[in-house]
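Trainee: So the chains spell out like this:
2 protein chains.
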Amino acid sequence: MNMILIQSNEVDAGGMCCLSDDRARHIRKVLGGVPGKSLRVGLQNGPLGQGMIENIENGQVTLSCTFDNELPQRPSIDLLLAMPRPKVMKRLWAQLAALGVGRIVLLRAEKVERYYFDSHVIDPDFYTPLLQEGLQQARCTHLPEVSVHPLFKPFVEDELEGLFGGHDKLLADPAGTLRLSACMKKIDPARRIVLSIGPEGGWTPYELDHFHGHGFKVFGMGHRILRSDTAVIGLLSIMNELKS
Amino acid sequence: MNMILIQSNEVDAGGMCCLSDDRARHIRKVLGGVPGKSLRVGLQNGPLGQGMIENIENGQVTLSCTFDNELPQRPSIDLLLAMPRPKVMKRLWAQLAALGVGRIVLLRAEKVERYYFDSHVIDPDFYTPLLQEGLQQARCTHLPEVSVHPLFKPFVEDELEGLFGGHDKLLADPAGTLRLSACMKKIDPARRIVLSIGPEGGWTPYELDHFHGHGFKVFGMGHRILRSDTAVIGLLSIMNELKS
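Chain order of the listed sequences is A and B.
Each residue of the first sequence is one higher than the last, beginning at 2 in the numbering used here.
Each residue of the second sequence is one higher than the last, beginning at 2 in the numbering used here.
Heads up, some of the hints might be wrong.
Said to hold, decoys possible - Here chain A is said to cover these stretches of chain B; the calculated rule only asks that three of the stretch's residues, wherever they fall, bring their Cβ under 8 Å from a Cβ of chain A:
{"id": "1", "stretch": "48-59"}
{"id": "2", "stretch": "96-110"}
{"id": "3", "stretch": "143-156"}
{"id": "4", "stretch": "231-238"}
As the list claims (entries may be wrong) - Some chain B residues well away from chain A (every beta-carbon gap over 10 Å; in silico):
{"id": "5", "residue": "11"}
{"id": "6", "residue": "67"}
{"id": "7", "residue": "115"}
Stated by the list, open to error - Not everything, but these chain A residues come out facing chain B in the computed CB check (under 10 Å):
{"id": "8", "residue": "13"}
{"id": "9", "residue": "14"}
{"id": "10", "residue": "15"}
{"id": "11", "residue": "17"}
{"id": "12", "residue": "92"}
{"id": "13", "residue": "101"}
{"id": "14", "residue": "205"}
{"id": "15", "residue": "209"}
{"id": "16", "residue": "216"}
{"id": "17", "residue": "219"}
{"id": "18", "residue": "228"}
{"id": "19", "residue": "230"}
{"id": "20", "residue": "231"}
By construction, these hints were calculated from the structure, which means they are not laboratory data.
Please read these numbers as outputs of a predicted model, since none were measured by experiment.
Note that beta-carbon positions come from the ideal geometry of N, C-alpha and C, so glycine has one too.
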């Protein structure tokens, strides 16, 4: 943890915050926290700040927090991802939060097995702590918003425009001839981007037609075929690098 | 597997190749191979090609292979990586081979625990199959060369120049102010690049001095602090995107 993530209901009006869970243990055991020592803290979906250790007693850590006036910018990239294998998705949550994603939409596709949606890895009680772990690693506070859509057609017909109507829309496909770096040059830095990444077998022509109809621009990823977790991390990294 | 990787001693002069291990099982069970069907194959460190299934008997698959005349280019990026935690390194092998790395050097650093070098994850018998898995995923044939150096000083003083003397040298460090994309603009595309990535706690000033002395240029990675596997995948992806 490079920052201790705090919920707004854990801090009182005077900035005092009592922790007794994993974070308290981490402060004591890993960071070697002692009274008087100051730590980086962050309010979930809020500002970064400093937490001075006031007191450590019975495993409980009391911090006196002061927060910055400025709010960090919400990550400007959203992700529309064909649901990966649960084992892969489990590993991705923390990394997505660390890389910075505003919204994560997990979508069914023809080449996604139906049973992936029965997995516990898409249960908020399972993934929220992993997203928070990623924020604490990366020293960021914006928790990605997550939604899960086990039906393709109702999502693209009824919900896609509502979520991503004003976004620049990009779609990674092996058939794409443009490079992502070329697409990024034409992006308005003030607008949000949504990145669509298909299953390892690719979106079907029917699915691609829907995305084209909604204005998604297709780019290629070179000749290498990457596992979806490698591809997601790589593409988000390229976009973060070229957007700023 | 998007390609079946074959060793040169497994193919006879007429292009015939008999497989009876995991690859044979994969061809039968996952790819639904039947005689007459053609599969993508690749010779390790050699050309790509096609393998026509001649025969399937007792679980053994016989392929008749023809290989391209052209040899795929060896990946032009090498990686000089402070040894990550064994659990992280275990997950990285296949992804590094899939992303394309010519050489992987795993190095001790002040902030790397000594015992990481006792792990089985740096045993060639352990990592070679993982590298091969990455090649079969990405449809590439160049197996990264790997070396492990449990002592920092002898490596940088006696071996670094021999391996990377003619390379463009880049080093990722939180203190860097240049962006990687800016560095990449000054790179001669004909030259090889070596990318140095430190431990999560960073290289020490002493270690950085050594790297500066050898001509490494330092770049930053933005304000996010990433886990080393996320950082490695992200940085290699950016370099692949901007180099070509």
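Trainee: Now look at each hint and say whether the structure bears it out.
Mentor: Do the hints match the structure? See the list:
1. Taking a C-beta to C-beta cut-off of 8 Å, the stretch 48-59 of chain B contributes 0 residues in contact with chain A, too few for the three needed, and the coverage statement is violated.
2. For the stretch 96-110 of chain B, the stated coverage by chain A holds: 4 residues have a C-beta nearer than 8 Å to a C-beta of that chain, and at least 3 were required.
3. By the rule of at least three residues with a Cβ nearer than 8 Å to a Cβ of chain A, the coverage given for the stretch 143-156 of chain B is violated, with 0 such residues.
4. For a cut-off of 8 Å, the count of residues in the stretch 231-238 of chain B with a CB near a CB of chain A stands at 6, and the three-residue condition holds.
5. The Cβ of residue 11/B sits about 23 Å from the closest Cβ of chain A, beyond the 10 Å cut-off, so the non-interface label holds.
6. At roughly 19 Å from the closest C-beta of chain A, the C-beta of residue 67/B stays outside 10 Å, upholding its exclusion from the interface.
7. Listed as a non-interface residue, residue 115/B keeps its Cβ farther than 10 Å from every Cβ of chain A; the least gap is roughly 19 Å.
8. Interface hint at residue 13/A: violated, since its Cβ lies 29 Å from the closest Cβ of chain B, which is beyond the 10 Å cut-off.
9. For residue 14/A, the interface hint is violated, the least distance from its beta-carbon to any beta-carbon of chain B being 29 Å, above 10 Å.
10. Annotation: interface hint on residue 15/A violated; nearest CB of chain B at approximately 29 Å, more than 10 Å.
11. Taking 10 Å as the C-beta contact cut-off toward chain B, the hint placing residue 17/A at the interface is violated, the least distance being around 27 Å.
12. At its closest, the beta carbon of residue 92/A sits 8 Å from a beta carbon of chain B; the interface hint therefore holds under the 10 Å criterion.
13. Checking residue 101/A against chain B by beta carbon gives a least distance of about 6 Å; that is within 10 Å, so the hint holds.
14. Evaluation of the residue 205/A hint against chain B yields a violated restraint, the C-beta minimum of about 18 Å exceeding 10 Å.
15. For residue 209/A, the suggested interface contact is broken, since its CB lies about 20 Å from the closest CB of chain B, more than 10 Å.
16. Because the closest C-beta pair between residue 216/A and chain B is about 23 Å apart, greater than 10 Å, the hint is violated.
17. With its C-beta approaching chain B no nearer than about 16 Å, residue 219/A sits outside the 10 Å limit, and its interface hint is violated.
18. The beta carbon of residue 228/A is positioned within 10 Å of a beta carbon in chain B (closest approach about 6 Å), and the interface hint is therefore held.
19. Interface restraint check: residue 230/A against chain B, minimum CB-CB distance 8 Å, threshold 10 Å, status holds.
20. Interface hint status for residue 231/A: upheld, as the beta-carbon distance to the closest one in chain B is roughly 5 Å, under 10 Å.
Taken one by one, the earlier hints fail for this structure at numbers 1, 3, 8, 9, 10, 11, 14, 15, 16, 17, listed in ascending order.
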